[in-house]
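**Q** The chain contents come next:
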Amino acid sequence: MLTPDLAPPAAAADGGAGALIDISHLQHVPRRYWGRYSCAVLILVALALLMIAFARGQIEWRYVGHFLTARSILEGLLNTIMMSVLAMALGIALGVITAVMRLSANPVLSWSARGYTWLFRGTPVILQLLLWFNLALVFPTLGIPGVYTARTVDVMTPFLATLLGLGINQGAYTSEVVRAGLLSVDIGQYEAAKSIGMPRLLALRRIILPQAMRVIIPPVGNEFVGMVKLTSLASVIQYAEMLHNAENIYYANSRVIELLIVAGIWYLVAVTVLSLLQSRLEAVFARGSGRVTARQ
Amino acid sequence: MARGVASVAVQPIVRAIDIRKRFGSFEALRGITLDVISGEVLCVIGPSGSGKSTFLRCINQLETVTDGALWVDGELVGYRRAGNKLHALSENEIARQRLKTGMVFQRFNLFPHLTALANVAEGPLRVLRRPRAEVISEARTLLERVGLGHKADAFPVELSGGQQQRVAIARALAMHPRLMLFDEPTSALDPELVGEVLAVMKSLATSGMTMIVVTHEIAFAREVSSRVAFMDQGQIIESGVPQELLSRPQQARTREFLAAVLG
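Heads up: the sequence lines are chains A and B, in that order. Sequential numbering of the first sequence, starting at 7, is according to the numbering used here. Sequential numbering of the second sequence, starting at 393, is according to the numbering used here.
Among the clues, some could well be false.
[Said to hold, decoys possible] Computed beta-carbon distance windows for the label pairs:
id, chain 1, residue 1, chain 2, residue 2, range
1, A, A111, B, F418, 46 to 54 Å
2, A, V144, B, R412, 53 to 61 Å
3, B, V653, A, P224, 43 to 51 Å
4, B, D545, A, L137, 51 to 59 Å
5, B, A474, A, P224, 30 to 38 Å
[To be verified] Residues from chain B that keep clear of chain A, each with C-beta distances beyond 12 Å, as calculated:
id, residue
6, P404
7, I486
8, R488
9, A510
10, E588
11, T598
12, I629
13, E648
Keep in mind that the hints were calculated from the coordinates and are not lab data. A quick note: this is a predicted structure, and the numbers were derived from the prediction, not measured. In this text, a Cβ means the ideal position worked out from N, Cα and C, and glycines have one as well.
Make a model of the complete structure from these sequences and hints.
**A** What follows is the structure, encoded as structure tokens:
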């Protein structure tokens, strides 16, 4: 919007002609984002309609409020969170070990790691849960013969079967994430670590993994979120996680939607908290990377 | 493997006998035989692809030698000798052998997640497991020595290329190596930053450190080195004191190279 008096001056003889034009009376007008405004309005309208539908539907909202803090639901939530954390911890530990084995020059280690990933990524996790839970059909007793033995049905509780099923399955997936992270670190870093006399495992722990974390954390955070919800599968082997307990309640009182909403709210809360923790962790491992997020 | 071992009167820091290195069908080193004695500063010059860096990397086992024998500080590199049998060393034994050499890379390779001080202290702390207080104070001294005492808490990304390379030199020195290897230490630097790195290397040479420097800095080779070796196509074409080799090269290929480099 050039006004005529703002037309660029003809080449000034002294080079200071620009300073002679007074532009102090001109105003900056912020750009108008009509597309954004109208989309936002549309989304709000749609959300409002959706809320009205849910409000008028056959939902007794006081049941939702009531069961949101019911003892059984909160216990289920606690079990869900505990299982997510434990299974993920097992998954990350197995994933790191497997990724390091996979990248080893030792073919026995490398192929063992490949076999593990192949087996556990290749079968549905619900099948694995059922297998662990029914392990007694293959191994009636566990332990070292003559020293200590126990009946498998006593050992393989729903808790243990869920932990092993989810954790070992997760390890197979996480190993690929960790491997990608390890491969993302510059080869010069391995060489520099070697040049100061570091053996491979020390170099991995002190030099390579901390740098790989920057690449590893976002997808692992993603998988953690997946794990929170994956625990709900464990209801098939009677593990008392939140969805399992919610189901037990609506089998009794037929408030299906209400209890599903209760569970949904808690899942959202858990996942939100996790996402916030992930951002914190990403900031820590961005140190020295030169990214904007490196400065807190 | 070894085709004959010369008598060891003065034990050299590096003794290479007919070193060969093959990458697939490409022969990067075609018989390098060389001694470097204590306190010597050897500059290796030559066109790119001539095997200079490969030779350097063989010395601290970033590459394994295909054929020939190599001793560093009297120790056979990569093997343990039992009678007439040479047993390949394990990864940890190789890591221990590497402690005798410090290496400075063309692209610095500082650890980006650690501060300058932590970069220098990492090896003594984690590999040598020396007491923290002692290591930190020595690391500070080393950073002072390369002129970066005030940058101890900076991350590599906050340092210029020349500063990063000086930290890298301090990091290598922190391990008290018998021998320092420099792989084109100034090739990745902006021209105005080359001088500060060469100055540190010069003072290191003056202090009596044994050094092998792969470089394109002919002026540095002339001024600082005790011997210059010219390599081409995986072989040492000639070597000698810098005044001789750089001013009156005997071989045609050396003359061509120097004419091209010096313009």
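**Q** Can you name, in rising order, the numbers of the hints this structure does not satisfy?
**A** 1, 5, 7, 8 and 9
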